[in-house]
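Asks: Now for the letters of each chain:
Number of protein chains: 2
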Amino acid sequence: MELKEAKDKFIHTWGTLATQWGINRTMAQIHSLLLLSAKSMNADEIMSELQISRGNVNMNLRDLMDWGLIYKQLLPGERKEYFIAEKDVWKVAKQIAKERRRREIGPLIDAMADLKEGIKPDTAEKEEFLKIVNDISTVTVFADSTLTSLLKADENWLISSFVKVFNR
Amino acid sequence: MELKEAKDKFIHTWGTLATQWGINRTMAQIHSLLLLSAKSMNADEIMSELQISRGNVNMNLRDLMDWGLIYKQLLPGERKEYFIAEKDVWKVAKQIAKERRRREIGPLIDAMADLKEGIKPDTAEKEEFLKIVNDISTVTVFADSTLTSLLKADENWLISSFVKVFNR
DNA sequence: TTGAATTTTCAAAATATTTTGAAAAAAATA
DNA sequence: TATTTTTTTCAAAATATTTTGAAAATTCAA
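Residue numbers (this note's numbering), protein chains in the order written: chain A, 1381 to 1548; chain B, 1381 to 1548.
Honestly, the hints are just simulated from the structure, not real lab data. Since the model is a prediction, treat every value here as computed from it, not as a measurement. Keep in mind that a hint or two might mislead.
Which copy is meant is left open, because identical chains are indistinguishable; a pair holds if it fits in one copy or across any two.
Below are the DMTMM-like pairs computed for lysine to aspartate or glutamate, each with C-alpha atoms no more than 20 Å apart in a straight line [what the hints assert, rightly or not]:
#, residue 1, residue 2
1, Lys1471, Asp1494
2, Lys1511, Asp1424
3, Lys1452, Asp1515
4, Lys1471, Glu1461
5, Lys1419, Glu1507
6, Lys1384, Glu1505
7, Lys1474, Asp1524
8, Lys1496, Glu1508
9, Lys1387, Asp1494
10, Lys1478, Asp1443
11, Lys1389, Glu1479
12, Lys1474, Glu1429
13, Lys1500, Asp1424
14, Lys1384, Glu1508
Using the sequences and the hints given, assemble the complete structure.
Replies: Put into structure tokens, the structure is as follows:
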């Protein structure tokens, strides 16, 4: 079964890459499983598909919802909760970028601001130190605002043109 | 001693943040120590300053050189090797972005390309699967090329204007 | 209400990563 | 060359993170 094989490879690859850049492997695997699934899935299905424990599934489903990558779906007549992934890959990328911006850039900007506050440039040494702090602050704010612009840019002119060009 | 305190806070903060986004804590601490140091330092000095083992220092110094964030400096009359950090923070940011692009985006592009190769769209299911793979491919290539353009942009018009605006 | 089904929690176990430190290798000196 | 200094390596230890699974909490139907 060739498709099954490709899907497994996809899930495995996604999980491996994720760990290499600081994201939990299981979270990535659950995400890709749902991304590839036409139907929404419940915890038991995910458990048996990925061979992981209930607690693990539960915890990572909640994280994925926090990241805005999956949604809870309540099926009429079903007691169990079902989950479905956001299938619009541009939205997915946007969410990931947003979350990483929040986690990686935000705290850095705050930390540099605190350091700036605390030190008066009354010696050459302190000026040196503040120069570095200021420079990092500047670059970080630059990265932050660049990313924000990109994220706010209307995807319809920014991406759809790229999609058209690359997808054919 | 206020400056010492601020420097320690800087080193500590940098180290903590780094772990939160997948970079080794010690590597980040050594980097910030060198970034804040006017003089180059040798392994023994770094060991005693950060209270870490020789092996750890050695390994992380090599990683930092791989990242292009520090340089080896051979001082005349000295047997020991000295290390000095790149102080141009824009260059530092550029190096970090390059390295992360190489580690995070490159493998993803490759993996998606492999999957595209391996599957023929001869059923609706396979077409579905390939759509996702293609979309990820597209978004990833887009991110890659956007980042590449930013990195290639001449810093003198792109950044220095920002620096002037924000630094005052 | 009660009780069965489902989800959540969290301490302990398993796994993965980082750090140590001493031995080996390499480099410099005499 | 032999000796000393310095750097590198890497198995074992320490630490950190992830996963498990059973108990507790919650939800829902009757």
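Asks: For each hint, tell me whether it holds in the structure or not.
Replies: Status of each hint after checking the structure:
no.: 1; hint: Lys1471 with Asp1494; result: neither (33 Å within a copy, 24 Å between copies)
no.: 2; hint: Lys1511 with Asp1424; result: neither (55 Å within a copy, 27 Å between copies)
no.: 3; hint: Lys1452 with Asp1515; result: neither (43 Å within a copy, 23 Å between copies)
no.: 4; hint: Lys1471 with Glu1461; result: neither (23 Å within a copy, 49 Å between copies)
no.: 5; hint: Lys1419 with Glu1507; result: between (59 Å within a copy, 16 Å between copies)
no.: 6; hint: Lys1384 with Glu1505; result: between (62 Å within a copy, 10 Å between copies)
no.: 7; hint: Lys1474 with Asp1524; result: both (14 Å within a copy, 14 Å between copies)
no.: 8; hint: Lys1496 with Glu1508; result: within (12 Å within a copy, 52 Å between copies)
no.: 9; hint: Lys1387 with Asp1494; result: between (47 Å within a copy, 12 Å between copies)
no.: 10; hint: Lys1478 with Asp1443; result: within (15 Å within a copy, 28 Å between copies)
no.: 11; hint: Lys1389 with Glu1479; result: neither (26 Å within a copy, 25 Å between copies)
no.: 12; hint: Lys1474 with Glu1429; result: neither (28 Å within a copy, 41 Å between copies)
no.: 13; hint: Lys1500 with Asp1424; result: neither (59 Å within a copy, 31 Å between copies)
no.: 14; hint: Lys1384 with Glu1508; result: between (58 Å within a copy, 13 Å between copies)
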